[in-house]
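S.K.: With the hints as constraints, model all of the structure from the sequences given.
Protein chains: 2
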Amino acid sequence: MRDVLAEAAFALFLERGFERTTVDDIVSRAGVGRRSFFRYFPSKEDAVFPDHERCLADMTAFLEAAGDAEPVDAVCDAARIVLRMYAANPEFSVQRYRLTREVPGLRTYELSVVRRYERTLAGYLERRCDGARDGALRAEVIAASVVAAHNNALRSWLRSGGEGDAEAAVDHALGIVRETWGSGAGRPPAVPAADGEVIVMVAAKGAPMWRVVQQIESALGER
Amino acid sequence: MRDVLAEAAFALFLERGFERTTVDDIVSRAGVGRRSFFRYFPSKEDAVFPDHERCLADMTAFLEAAGDAEPVDAVCDAARIVLRMYAANPEFSVQRYRLTREVPGLRTYELSVVRRYERTLAGYLERRCDGARDGALRAEVIAASVVAAHNNALRSWLRSGGEGDAEAAVDHALGIVRETWGSGAGRPPAVPAADGEVIVMVAAKGAPMWRVVQQIESALGER
Numbered sequence: 252m253r254d255v256l257a258e259a260a261f262a263l264f265l266e267r268g269f270e271r272t273t274v275d276d277i278v279s280r281a282g283v284g285r286r287s288f289f290r291y292f293p294s295k296e297d298a299v300f301p302d303h304e305r306c307l308a309d310m311t312a313f314l315e316a317a318g319d320a321e322p323v324d325a326v327c328d329a330a331r332i333v334l335r336m337y338a339a340n341p342e343f344s345v346q347r348y349r350l351t352r353e354v355p356g357l358r359t360y361e362l363s364v365v366r367r368y369e370r371t372l373a374g375y376l377e378r379r380c381d382g383a384r385d386g387a388l389r390a391e392v393i394a395a396s397v398v399a400a401h402n403n404a405l406r407s408w409l410r411s412g413g414e415g416d417a418e419a420a421v422d423h424a425l426g427i428v429r430e431t432w433g434s435g436a437g438r439p440p441a442v443p444a445a446d447g448e449v450i451v452m453v454a455a456k457g458a459p460m461w462r463v464v465q466q467i468e469s470a471l472g473e474r
Numbered sequence: 252m253r254d255v256l257a258e259a260a261f262a263l264f265l266e267r268g269f270e271r272t273t274v275d276d277i278v279s280r281a282g283v284g285r286r287s288f289f290r291y292f293p294s295k296e297d298a299v300f301p302d303h304e305r306c307l308a309d310m311t312a313f314l315e316a317a318g319d320a321e322p323v324d325a326v327c328d329a330a331r332i333v334l335r336m337y338a339a340n341p342e343f344s345v346q347r348y349r350l351t352r353e354v355p356g357l358r359t360y361e362l363s364v365v366r367r368y369e370r371t372l373a374g375y376l377e378r379r380c381d382g383a384r385d386g387a388l389r390a391e392v393i394a395a396s397v398v399a400a401h402n403n404a405l406r407s408w409l410r411s412g413g414e415g416d417a418e419a420a421v422d423h424a425l426g427i428v429r430e431t432w433g434s435g436a437g438r439p440p441a442v443p444a445a446d447g448e449v450i451v452m453v454a455a456k457g458a459p460m461w462r463v464v465q466q467i468e469s470a471l472g473e474r
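Heads up: the protein sequence lines correspond to chains A and B, in order.
If you're matching positions, the first sequence starts at 252 in our numbering and goes up one per residue.
If you're matching positions, the second sequence starts at 252 in our numbering and goes up one per residue.
What you were told as hints is all true, and nothing was included just to trick you.
Given that identical chains are not distinguished, each listed pair holds provided it fits within a single copy or across any two copies.
Lysine to any residue pairs mimicking SDA-like chemistry, simulated, CA-CA at most 25 Å apart: (1) LYS295 - SER279; (2) LYS295 - ARG347; (3) LYS295 - ARG267; (4) LYS295 - VAL354; (5) LYS295 - ARG271; (6) LYS295 - LEU357.
The hints are simulated quantities; they were obtained by calculation from the structure and are not laboratory data.
M.R.: Next up, the structure:
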């Protein structure tokens, strides 16, 4: 019933435009009563995005099950759930993207949904920070980065009419976030120690002990 | 006239609630005709945020004049224009924040405004990237980081009822973005060479020449 209503609504939005389609038109096309519509969708806008509630629930469940995964990897993987929803039905996604560009009310609806995804990711990251200094701030900034990267790649794919590999484009975009904020950020790639490699301790003349220790740690990290 | 209307509107929103206040109530309180309202504000929501249009124009002008400033510094400075608008009138800003929390229509309006700030910052960053690989992607991610950091500090200040130093809080939050994305990102803070300090070259036994050069560069960078 929910799917039937969403399909009837979307077909009418494409035929007549979003603003000129009434809920009465939709229920008439779907062959059901007016109250059925509002049982499934709080508003006409919700019928344009029928899958976001389920997708938000999937994201929440995924993050609850993420355990002790590296946190930035976990939120990047969670963001991919959204991409897969769009990529599962390219034709519908592209048509909806075009409709959304034309209707200001749908654009603001979409912004609210995006904000809910962002809050979900930020909430997870904040819990993983576990009271660290600036934890909530960093969580918000990283979540915003993930969403921006994901949406940049998603929008490019939608604008192209669904051409090319959406998953690869999103992976590439999220790669920038992982490089920047992930646990390996700022460190050079690990080089395995070769046979016969010698670690040389370095200290500046007259350097205080904390500098010596810092140098040793740095040399070990860069081996 | 514009200010008079905005003040009348806001006073009524606080007294009666946003939804229960009509445009007729507002123009009656302000002592003007109904058409005057719509000459200044497209909607009731716009009257709650009378300064954002000017603030967006100020941000655009600031970025146009930024010349060859370091791009991440420039967008952080541009974001501070928004903070100063809020901080110029703490009582109004705090009351409006509380009102916005209660009215879904105002929250979505605010999301649209935030998105316009983000697009303004991203557009500037993209122009500064000048066709670099992933320029648009990085521009979007950095702009989203700036906005998230700014808004995290701004919201904390608003939630506190306008207590404390909002500018210092935003500076601190933007500092995290500058450390991460700015031109100095990933480099350790410069330590001035002390008198008598000795630079020691380090190389692993049997290391290839490129590794030796890398180590020298790294040691010089970390001095």
